[in-house]
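Could you put the whole structure together from the sequences, leaning on the hints where they help?
Heads up: the sequence lines are chains A and B, in that order.
The first sequence runs 35 to 195 under our numbering.
The second sequence runs -4 to 131 under our numbering.
No lab work stands behind these hints, which were simulated from the structure alone.
Careful: at least some of the hints might be erroneous.
To be verified - If we take Cβ atoms under 7 Å as the criterion, some of the chain A residues that face chain B in the derived model are:
id, residue
1, 57
2, 58
3, 59
4, 62
5, 63
6, 65
7, 88
8, 89
9, 92
10, 93
11, 133
12, 158
13, 160
14, 162
15, 174
16, 178
Cβ coordinates follow ideal geometry from the N, Cα and C atoms, glycine included.
Here's the letter readout for the chains.
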Amino acid sequence: MSQMRVGDPLTARRVTIEQGPVALFAEVVGASDPVHRSLKAAREAGFDAVPVPPTYPFVMDYFGAHPDLQPAQTGGLAGLKEVAEALSEDGGIVVHGEESFEYRRPLLVGETVDVEAVISDLSERTRSNGQRMKFVTVEYVVRDASAEPILTRKTTMICLT
Amino acid sequence: MLAFDEMTTGRIFVGPPRQLTRVDFVRYAGVSGDYNPLHVDEVSAQATGQPSVFGHGMYSAGLLASAVADLVGLAHLRRYTVRFTRLARPDEEVFTELTIGDVRESEGTVTVAVDCALKSGDSEIVKGSAVAEYSR
Chain A
35 MSQMRVGDPL TARRVTIEQG PVALFAEVVG ASDPVHRSLK AAREAGFDAV PVPPTYPFVM
95 DYFGAHPDLQ PAQTGGLAGL KEVAEALSED GGIVVHGEES FEYRRPLLVG ETVDVEAVIS
155 DLSERTRSNG QRMKFVTVEY VVRDASAEPI LTRKTTMICL T
Chain B
-4 MLAFDEMTTG RIFVGPPRQL TRVDFVRYAG VSGDYNPLHV DEVSAQATGQ PSVFGHGMYS
56 AGLLASAVAD LVGLAHLRRY TVRFTRLARP DEEVFTELTI GDVRESEGTV TVAVDCALKS
116 GDSEIVKGSA VAEYSR
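So this is what it looks like as structure tokens:
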């Protein structure tokens, strides 16, 4: 964990939210509510546009972090994969321990959002059986075009040695 | 979505059973970009000593989130947290179990806590909690 400290930023991302991926994701995770695939249904339910399913923010980079959108980079670990590698640099297996989302307002198709991420927690403990567990938490803030926060998300990974 | 007056503490909602398949894990790989062979390639998974492929934690979390959003209404969901308890295996029959927790009213806002789990039999695959808010 030598190279990670609380407060270290990860690479910032700018991400577009598009209808095709949102509808497909919704279908795969069993989000059968028509609001995820129909603007008409979304408007009838009181949304301004098609809302994403609750866990879509976890995958939105994969679909929407198009290279031409990306801000000038300030360095930092590129993403969760690099955080996991840093956590297990002395060996061990990394598993996803916990994920949490806090929503201020719905994230909508058609938006382009900015995602900032930092290492928000690092800890370590040894179980009674002698197994060492190292924890890292990454906190993400997703902001809209006016820099207002839409949601925050935390990923906790555990390295078991 | 559940009506307000039906949200009483302790009430339990069990979702329909769903049999997990290897195809489900491949489809989640396709919508997450996580093609880790442990999730999608039986030969590679077994070569590491696993009995089979296993599901992405966030696939289980996504299935559970869909049930939570259907119950509380997507627009009302304020928090959703999950812990990954154990691996999900192909052919397991899973279901969601949602339990209404504290219901509190303060200054015109009703806050409802929900405990949630994706289960197979008595065993929890992911376990979590959610908070929904409503204006009176």
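Now for the hints, and whether the structure bears them out:
1. 57: Status violated, d = 10 Å.
2. 58: Residue 58 (chain A) check passes; min Cβ-Cβ to chain B is 6 Å, inside 7 Å.
3. 59: Given a least distance of 5 Å, the restraint on residue 59 (chain A) holds.
4. 62: The hint holds - residue 62 (chain A) has a Cβ within 7 Å of chain B, the shortest such distance being about 5 Å.
5. 63: holds, 3 Å
6. 65: With a closest approach of 4 Å, the residue 65 (chain A) hint holds.
7. 88: holds, 4 Å
8. 89: Since chain B brings a Cβ to about 5 Å from residue 89 (chain A), closer than 7 Å, the hint holds.
9. 92: Holds - the Cβ of residue 92 (chain A) comes within 7 Å of chain B, reaching about 5 Å at its closest.
10. 93: Nearest chain B Cβ about 4 Å off; hint holds.
11. 133: At about 5 Å, which falls below the 7 Å cut-off, the nearest Cβ of chain B leaves the hint on residue 133 (chain A) intact, so it holds.
12. 158: Violated. Min distance 19 Å.
13. 160: violated, 20 Å
14. 162: Violated, because the Cβ-Cβ distance from residue 162 (chain A) to chain B comes to roughly 19 Å (cut-off 7 Å).
15. 174: Violated. Min distance 14 Å.
16. 178: Because about 17 Å separates residue 178 (chain A) from the closest Cβ in chain B, which is outside the 7 Å limit, the hint is violated.
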